[in-house]
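A.B. asks: Here is how the chains run, residue by residue.
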Amino acid sequence: MISVSESLRLHLFFMTVAFAVFSISFLVGSLYLWQESQLKRHATQKLLSWLPALETMDSFHYKILILGFLLLSGGIFSGALLSHALQGRFFSDDPRQLASLVTWALYAFFLNVRLQAGWRGRKGMILSILGFLGVILAFIGLGHRL
Amino acid sequence: MTLPEFIIVGLSHRTTPVEVREKLAIPENQIAEILSQLVKENEIEEALLLSTCNRVEVCMVSANPETATRVIRKMLAERSGLSETQLNSHLYVKKEQKAVGHFFRVTAGLDSMVLGEPQIGGQIKEAYQRAVLHQTTGAYLNKLVHRALNVNKKIRTETDIGKYPVSVSYAAVLLVEKIFGDLEKKQVLLIGAGEMGALAAKHLKERHVEKIWISNRTGEKAEAVADEIGAEFLPFSQMIDRLVDMDIVITSTGSETYVVKADDVREAMKKRKNQSMFFIDIAVPRNIEPEVNQIENVYLYDIDHLKGLVENNLQEREKEARKAEDLVEEEVQSFLDYLSAIKVAPTIQQLSQKLESIRNTEVEKYYARGLAASGSEKEMLEACTRAIVNKILHEPIILMKTEEVKEGGTKYSEILKKLFRLEGES
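Protein chains in written order, with numbering that gives the first Met the number 0: chain A, 0 to 145; chain B, 0 to 425.
Incorrect hints may have been included.
Incomplete in silico selection of chain A near chain B, CB under 10 Å [what the hints assert, rightly or not]: (1) 35; (2) 48; (3) 50; (4) 53; (5) 114; (6) 116; (7) 118; (8) 119; (9) 122.
With a Cα cut of at most 30 Å, we get these calculated DSSO-like pairs of lysine-lysine [as the list claims (entries may be wrong)]: (10) A:39 / B:270; (11) B:162 / A:45; (12) B:269 / A:39; (13) B:184 / A:39; (14) A:45 / B:153.
Keep in mind the hints are simulated off the structure, nothing from the lab. Given the structure is predicted, the values throughout are model-derived calculations rather than measurements. Glycine included, every Cβ here is placed at the ideal spot set by N, Cα and C.
Work out the full structure, taking the sequences as your base and the hints as a guide.
C.D. replies: What follows is the structure, encoded as structure tokens:
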């Protein structure tokens with residue numbers, strides 16, 4: 000088993016970068032939803048020329064979510080190691096750990112349905128924004144119970 | 000001697016209906032001959048001929064504007080078969096400042112039927128190149144055309160006049176780009192062989208879409224359009240089944256009922272895993288069931304949506320055009336100042352040379368008599384006489400550069416030339 004300080008460092012690294020990446024995906028997702036609704040409502044005079052096309056944002060969002068998902072997986076794994084080193088068990092009833100797992104499951108669901116059922120566009124973006132709420136809860140909102 | 004002036008004689012969509020314009024339009028292959036004739040026989044020093052579907056204009060440089068104008072009137076009357084009185088109600092004649100301003104505005108598309116359209120700049124360039132080729136341009140027209148093209152460039156960078164699309168088909172294409180971005184892997188289906196639909200498809204082709212299909216109830220017309228835009232014919236009976244492969248669908252048929260129904264699109268979307276589709280319905284009555292717009296990742300724009308967009312854009316263009324007009328006004332003034340400065344320059348130079356030669360002769364006489372022997376005495380004498388000459392020259396030069404440039408005439412140059420007998424000395 001790796002030491003406490005090593006697993007802590009690893010855990011912090013993964014989670015911090017994951018948080019940054021998810022923040023970007025949240026931002027892109029929100030812009031997508033805004034532009035999508037303007038296009039749907041034919042509100043063309045509100046469109047911003049500097050915003051990329053819907054499809055461009057969608058594919059960027061998808062790629063960055065895959066990256067975020069991998070980082071989150073790494074974070075959860077190293078967190079479990081840390082928990083084991085501290086408490087002797089991989090998973091506890093720590094609310095942060097739970098929120099992380101729920102978020103992980105949400106993103107896993109998103110990536111899966113996008114591929115399988117074609118949940119691209121608006122629906123997928125809403126799902127990803129829900130996922131980000133989970134991220135906020137897991138990273139900032141809830142305190143660790145140690 | 001009077002200095003040459005800019006004159007423009009012409010007619011445009013603003014003054015002349017198309018029935019008359021088409022009689023006056025000058026085919027490209029005749030322009031050269033007309034230009035050479037104008038410059039050879041008459042008091043026209045330089046000439047440029049612009050003939051587009053919206054205007055016929057002759058831009059000239061002549062020291063005798065009245066004769067030059069008469070010549071053009073006669074030439075246009077002869078060509079069109081109209082009497083000169085009939086023609087006069089359509090023609091406009093612009094001189095000097097007004098001619099320069101008009102030329103700048105035309106070049107920038109500010110006088111165009113579609114405000115701010117960019118093609119006219121290219122047409123001016125071509126007209127100029129033709130005139131250069133046949134040696135009917137000279138110093139004045141060269142400067143005018145170059146300045147006009149620069150002003151056009153300046154207007155396009157400093158205002159947003161070209162930013163907003165004002166044709167329905169082009170506006171549709173920009174919306175397509177707002178949804179798909181890169182169009183290289185997109186397939187387009189054109190239903191109906193209408194002109195506006197074909198135009199939109201052409202714009203899409205320029206943006207390198209992967210493939211364009213065309214479908215129509217009657218094959219003949221569709222095949223003609225297919226040839227024109229490089230599209231493949233798709234039998235009408237297979238059209239709905241193939242919707243699944245299409246990213247962009249443009250309809251412009253004369254059908255009284257919906258050609259594409261919401262259920263057809265739902266079915267297609269399921270098969271294509273919800274990849275976005277964009278429908279452009281240019282037909283009246285509409286060809287696509289409006290409910291299509293409710294389907295996830297599907298966008299439907301009909302003719303009213305697009306017209307609304309175009310009208311908005313036109314208003315934006317008008318705002319930008321006002322800025323452009325201000326710019327033109329500034330540029331006309333600065334161009335005229337520049338021209339006048341060029342016009343007075345030779346007189347100033349002649350005057351300076353004359354006074355310098357007088358000074359030189361007198362000083363030499365003085366030396367010849369051995370009155371200034373030492374180097375320092377000579378230096379003092381030179382400095383003193385130069386200062387006197389410069390002082391005398393100072394006022395007239397300032398006057399020429401300000402008053403004459405402002406008034407635009409040749410009054411002061413003429414007087415100076417007479418007083419000092421400057422003619423033919425340089």
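A.B. asks: Taking only the CA atoms, is the gap from residue 184 of chain B to residue 39 of chain A under or equal to 30 Å?
C.D. replies: holds, 23 Å
A.B. asks: Once the shortest beta carbon distance from residue 50 of chain A to chain B is found, is it less than 10 Å?
C.D. replies: holds, 8 Å
A.B. asks: Does residue 35 of chain A hold up as a contact with chain B if the rule is Cβ-Cβ below 10 Å?
C.D. replies: Where the cut-off is 10 Å and the nearest Cβ of chain B is about 9 Å from residue 35 of chain A, the hint holds.
A.B. asks: Could you check if residue 53 of chain A really has its C-beta closer than 10 Å to a C-beta on chain B?
C.D. replies: Hint on residue 53 of chain A: holds, closest Cβ of chain B at ~5 Å, below 10 Å.
A.B. asks: So, residue 122 of chain A near chain B? Judge it on the closest CB pair being under 10 Å.
C.D. replies: For residue 122 of chain A, the interface hint holds, since the closest Cβ of chain B sits about 7 Å away, which is under 10 Å.
A.B. asks: Do the numbers back the hint for residue 48 of chain A, that is, is its least Cβ distance to chain B under 10 Å?
C.D. replies: Check passed: Cβ of residue 48 of chain A comes within 8 Å of chain B, closer than 10 Å.
A.B. asks: Given the hint that residue 39 of chain A pairs with residue 270 of chain B, test it: the Cα-Cα distance must not exceed 30 Å.
C.D. replies: Holds, at roughly 22 Å.
A.B. asks: Hint residue 118 of chain A vs chain B: min CB-CB distance below 10 Å?
C.D. replies: For residue 118 of chain A, the interface hint holds, since the closest Cβ of chain B sits about 7 Å away, which is under 10 Å.
A.B. asks: Are the Cα atoms of residue 45 of chain A and residue 153 of chain B separated by 30 Å or less?
C.D. replies: The hint holds at about 27 Å.
A.B. asks: Does residue 45 of chain A sit within 30 Å of residue 162 of chain B, going by the straight-line distance between their CA atoms?
C.D. replies: holds, 15 Å
A.B. asks: Given residue 119 of chain A as an interface hint, is the shortest Cβ-Cβ distance to chain B below 10 Å?
C.D. replies: Constraint on residue 119 of chain A satisfied, holds at 5 Å.
A.B. asks: Holds or violated: residue 114 of chain A as interface residue toward chain B, Cβ cutoff 10 Å?
C.D. replies: holds, 9 Å
Violated hints are absent here; each numbered hint is respected by the structure.
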